[in-house]
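K.L.:
Chains as they are written, first to last, in my numbering: chain S, 1398 to 1620; chain C, 14 to 589; chain R, 102 to 377.
Hints in this document: simulated from the structure, not taken from any laboratory. One should not assume that every hint holds.
Claimed, not checked - Computed from the model, here is a short list of chain C residues facing chain R with C-beta under 7 Å: (1) 95; (2) 104; (3) 112; (4) 117; (5) 157; (6) 160; (7) 560; (8) 562.
As the list claims (entries may be wrong) - Taking lysine-lysine pairs in the PhoX-like style, the calculated list, with each CA pair at most 25 Å apart, reads: (9) S:1429 to R:267; (10) S:1497 to S:1554; (11) C:436 to R:189.
By construction, the Cβ of each residue, glycine as well, lies at the ideal position given by its N, Cα and C atoms.
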Amino acid sequence: MEERLSDISKRLGLHLNTLERWIRQGRIPIIKHGSFGNYKEAELNRWAENQRNKVLIKKDEKQDEPGSPDVLLLAAMEAGGVFHGISGSLKEDVLGAVVKKVPDFPGKNTEALFQQLMEREKLMSTGIGHGIAIPHPRNPLRENLKTPMVTTCFLEKTVDFNAIDNMPVSVIFLLLSPSVECHLNLLSRLSFCLRDKEFIAFVQGAPDADELLTRVETMVSLT
Amino acid sequence: MKKFIFWRYPGRIPFFRMDDRLLLIFIGVIVGICSGLAAIVLNRSLIFLLDGFHHMRHLWWAFLLPAAGAMLSSIFLEKIMNEGAGHGVPEVIYSVSRYGGLLRLRSSISRLVSSCLTIGSGGSAGPEAPVVMSGAAIGSNIAKFFFLNDRQRVTLVGCGAAGAIASIFNAPLTGMIFTMEIILGEWSMVNIIPIAVASVAGAEVSRILQGNSIAFESSTSFNIGYIDLLACLGLAVTASLASLLLTRALRRMHKISPRVRVPLWARAAIGGCAVGLLGFAVPEVLGEGYHSIHAMIQGSFPAGLGIAAIACLAKILATSLTLGWGGSGGIFAPCLVIGSFAGLAYHRLLAFAFPSVMWVNEGCFALLGMAGMMSGILQAPLTGIFLILEITGSYEVMLSLIIVSAISTTITHYFEPASFYLKDLTERGQLLRPGTDSRVLADMSIREVIEKDCIPVHPGMLLRDFLHTVTISTRNYFPVEDKETGHFLGMIRFDHIRPYLFNTVMYDTVFVEQIMDTDMEVVHFDDDLFDVLQIMDAKHCFSLPVVSNNRFAGMVSKATLLDKYRDELNVQTSQL
Amino acid sequence: METTIFHVFRNTPLGREILMQSLYFCKQSGTSIVIYIPEHTKFLMYYENDVVQVDLDQSYLTDPATAMDHARALTDEAGLQPRFIEPKNFTASTLPDLPVDFDFMCCPRSISDLSTKISLGHIGPKVRRIINSARFPVLMPSLLFKEWKSIIVFFGGSVNAVKALKLGLRLSRISGKPLDMFTHDHRNPKEYFENILQENLLEDAVEENVRQWYFFDNGKFEHKLYNVSHNALAVLGAYGHGLVKDMLFGSKMELIQATLSNSLLIAGPCYVSPRE
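Pulled out of the complex, with its shape left as it was, chain S reads as follows (with noise of 0.2 Å):
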């Protein structure tokens, strides 16, 4: 098999230099010829699994792309969906409810992820002030999740929520998101939006699903 050598030094993870190196001084099983190299596949790879795993032969690597963050932000949103009318005179009222609201994934588990949500609630409360609160579980749920989903959820009549100004809340975001990183990158992006007076402003005032994902579309691709 031949190929480009800076192709196949791609694919090792080597240095080019390191690779033409170790050709000439015959310590990988590749025949040089110019600036190809010539070399079996399965020697190849015999030979990789001699070493330490890190040099193993990726073939046709495709890293998955984790879309940008603002893309990721709207798809999540879109994924937890958008709810009006959550009953409910206390924070665990509403929270359970919340819960039941949020669409199904495999492995869901409503009273677990309730109980995640309170622990992280007794940490320290999840309101953020101007009425919002961004309730999420204590740790990324890694097992199930797949993609990350943001549940808006609307409530008929404020709650009080022990949040940092100590406003009654009356919008709930619900994070959820299989990895800290996603996580961190959804909480920068949302409460990005959150700093805008006017959003805040338009998110109270309960906008229908449309309306909202539209608004946040635009205030994401104004970054």
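Chains C and R: place on chain S using the hints.
P.N.:
Same frame as chain S, now just chains C and R:
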């Protein structure tokens, strides 16, 4: 056309691509035969020259012979061949460790001719190092001709050296062990087999052309008693003393001779004259000295304690005069001669001091002395043991041989840590044995470990803008470059500015220029990684910028280096 | 991409001309210069499958005390910052090893013979060895310093000629000098060469950048060389594989170097096109 040149690329034949052992064995045989022939050519021409000059030895101007020989050999090396002086073994080791055994074609002939001139005319030196050099060069050039890779070339260089030694002493085992212990410095299966085969080929060539004779066979067998074993301890001390003396004398001569401001050839001639004059008093010192070894092993060397001791010292002096002043040749044969003189002298001293004890005959001690001397000078006990066993064929002395070799190596090592062949290399820090730290670092270059994902910033940037750069960068280091010329001005280290990061007042008042490090150590592409690591250790930093032609080229960091280092070590030490 | 040229400085008027050529080349191609001021008459260069011992002509060591100043004066005049290399490794005490990881090397036609031998048609054996085993092209300057106004690539259709063409294209792009091509072939029509260009995806680049393609299918090659402009830098590939060709570079190349007094840039058989 393609078919025609195909045979020059045997490494590309599919059968050999998977496993090149057969190919190496096959070419190894060729190399062994060629280097064996080279060794025999040298041996024969030495015998011819020494015999030719023998009847002139008593003439008054005979002392000029070594002078003329050394002069011609120096002129030959310097002017005709354009080679550096020296016996060549360090050069082989150096090239094996650094350049995959690349040797020049001219090396395969140059040392042969020059050492032949030096020794044939009576200079005190050995023909072994020259044949090793030329055998190695033959192997290297055959590998070059077939476009083999470095690993295969190194094996063939080893084959050449082994074949040469095997042929000149008719000692295949020694050839193999010498190569492994001294030239290659590693014992690996891949190497041993072709080298063993080449060594056999070399020895066989010598047997066909010169007959299967053991070089210094003794007529009687030695019965070694307990008392002799005890005496071996003293012999080991004597041998290591002699080897120390020889090493020091050689070094002294190397220092003195350059102070004489004459051309190189004249310098060699002066040394040769001195050897010639010494030869009048003690004729045994002339030439490679195998005749006297023969006589000593047989026990037919002229009697007298004094004569043996004087001969020993005179040989040391003659050898250092020859080699130290520009003659060409190796140290192997003189070592053997000095060792056997030392053994002889020691035996006679014992016999004189304890006349009532029944000592084993003096040939045995001469033999043990040789082993002690070899092991001491070369710091290679195995080579010493096997060489003596094979060239004398006296397997009954095995035990005492091992004792003497081991003790002599240890004692000499205490005073002279590096062996004669490796001394130059260790002093220059160029002894790079396979699988060692310095070898791994020497093989890698900065280009291979450099990381280029640093984002450059400009000196006029505000801290606020700089912080924006920080958020999109994955690194802790930021090179500062001049906006117009692109010249490297300094570095910003993230951990240095951490304290001010959250001070918003400073965001618009501080420029990048004010927070950058300008006296940062920088390295260049050509720098050795070994030096780079030393700078890092001295400065307690984990990354250094690489600057080439005033431009920032990237960073070298210890973390990446370790990663690549492990890869390299794995690749170097694993068998393909 | 940062490139470097390696220059062995000869401290004589001839060496000055040659250094000026190198410096001019540097300025045109944005290359930085690495200068070696020899202290010994010989040095080694370890290439991939060969080691070349270069025995310098004695004139390289002329008046070593002034060599550095002379070289500096010239580079300062050209406004370039040279890097002087001192050999770090020695094979033997008087035999330094020089690195070989440069992008170009400047070599006069002869490096080990007396400079009186430097003339058309003669390339010293060491220089041949260097060209043969080096991964970099060798700049072989004309005897007197002359600025070149254009670049001409000799294109004979071989693999090496394609590499030389790429080199020429790159140089012309960097330096902004016009590029010409020169082909002389009895047997094959122009379409044949255009096909080769197409195969190597060079068609468009040639179309855009080449000012003129001198194409001859009759007459003698050496006679046609008169068409080459006197102030052009000639870029050509030398091919040499097999036993005989290790010594010679192919007939065309020999004719060119024997006929043309221009500066030559020769890409040897081991030359590897740099990664862009």
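K.L.:
Compare the structure with each hint and give your call.
P.N.:
Against the structure, the hints:
no.	hint	result
1	95	holds (5 Å)
2	104	holds (6 Å)
3	112	holds (5 Å)
4	117	holds (5 Å)
5	157	holds (6 Å)
6	160	holds (6 Å)
7	560	violated (11 Å)
8	562	holds (4 Å)
9	S:1429 to R:267	holds (21 Å)
10	S:1497 to S:1554	holds (18 Å)
11	C:436 to R:189	holds (18 Å)
Comparing the model with each numbered hint stated earlier shows that hint 7 is the single one that does not hold.
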